[in-house]
Amino acid sequence: MGMDVKNPSISSISEAQLSSVECPTGTIPILRNNKQDNMSILNTKAVITTGEQQEVTGIKYSDDIYGIRATINIYEPMVKHFWDLSGSWIQINNGPGHGDVIGAGSWVSPSTSGDNFARFHISWNNEAQKKSCTDHGCPGFVQVSSSVVLGGRVHPVSVYNGPQYGIKVLIFKDPKTKNWWLAYGEKKAIGYWPSSQFSYMNEMATSAFWGGYVQGKTAIEDSPQMGSGHFASEGFGKAAFIKDILMVNERNKYQAPNPVKAQPGSTNPTKYTYADYGINSNGMHIYYGGPGNYI
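Each residue of the sequence shown is one higher than the last, beginning at 1 in UniProt numbering.
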């Protein structure tokens, strides 16, 4: 892949696992369910904007970006409306408007999976080509892992005031091929997006996002929970967080984010908040989330 994806071990939380199966050599697992036709309907092309029927809380970052890494605390927020979703997400962007987008993380999305479990998803968008895809809903992502199931459940999930679980996710550009790779945990490659899939992200991304969002037909007027469903001020074990946030620079090395280029915020602080935003030796971190209309 062209990069050592080893990163510091998770402290205070345990590693959640992605769903996996063992497939024959040369094959990959593809999730099939009665909602398969809906896989490409919902997308996250506007995750870092204030689009209709969407709320966002987290960190927006602007710079020349060659990759991002983070540990995502996994919860199963309550989503009562079929066409809404709640995500814990990392994402990179480039280009005018929404432009090119790559994202990965955990969704609770009844319309995508037919249930309310936390599941691992990827999404990418090329606005110039009017293309938006989720998982294997359309060609574009080349999976190399013969075991990871995109759209599969993430387990265990964190418990409010109980055990905490997270997944480490990395998106980065191979400097030789210019393809964008996705990996999780310790050196576990999932696959890559060929650079030919994008109009503006052949060399680098120019913005990133880490945090939570809700999206859907009623995501503003009757909002789902975000994160743990509790406000960020409740802190560890009660509020969801993203931590160990690092950047990949032009030399293909990890570096700490520059706080001057980071902008934490919430589109609706009455429903969703952020707290304890900062940086330490392991990277940037933030608590986020809230009850939405489940108050």
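No lab work stands behind these hints, which were simulated from the structure alone. Among these hints, one or two may not hold up.
Claimed, not checked - Taking lysine to any residue pairs in the SDA-like style, the calculated list, with each CA pair at most 20 Å apart, reads:
1) 130 - 95
2) 238 - 130
3) 187 - 268
4) 60 - 187
Stated by the list, open to error - The following label-pair restraints were derived from C-beta to C-beta distances:
5) 129 - 156: 30 to 40 Å
6) 188 - 140: 36 to 46 Å
7) 233 - 155: 36 to 46 Å
8) 178 - 270: 39 to 49 Å
Even for Gly, the Cβ is constructed at its ideal location relative to N, Cα and C.
Status of each hint after checking the structure:
Restraint check for residue 130 and residue 95: satisfied, since their Cα atoms lie roughly 13 Å apart, inside the 20 Å limit. Distance hint between residue 238 and residue 130 is unfulfilled; the C-alpha atoms sit about 40 Å from each other, more than 20 Å. At most 20 Å may separate the alpha-carbon atoms for a hinted pair to count; residue 187 and residue 268 exceed this at roughly 37 Å. The suggested pairing of residue 60 with residue 187 is violated, with an alpha-carbon distance near 26 Å, which exceeds 20 Å.
The supplied range of 30 to 40 Å is met by residue 129 and residue 156, whose beta-carbon atoms lie about 39 Å from each other. For residue 188 and residue 140, the hinted distance range of 36 to 46 Å is not satisfied, since their beta carbons lie about 21 Å from each other. At roughly 28 Å, the beta-carbon separation of residue 233 and residue 155 lies outside the given 36 to 46 Å, and the hint is violated. A hinted range of 39 to 49 Å holds for the C-beta pair residue 178 and residue 270, which are about 43 Å apart.
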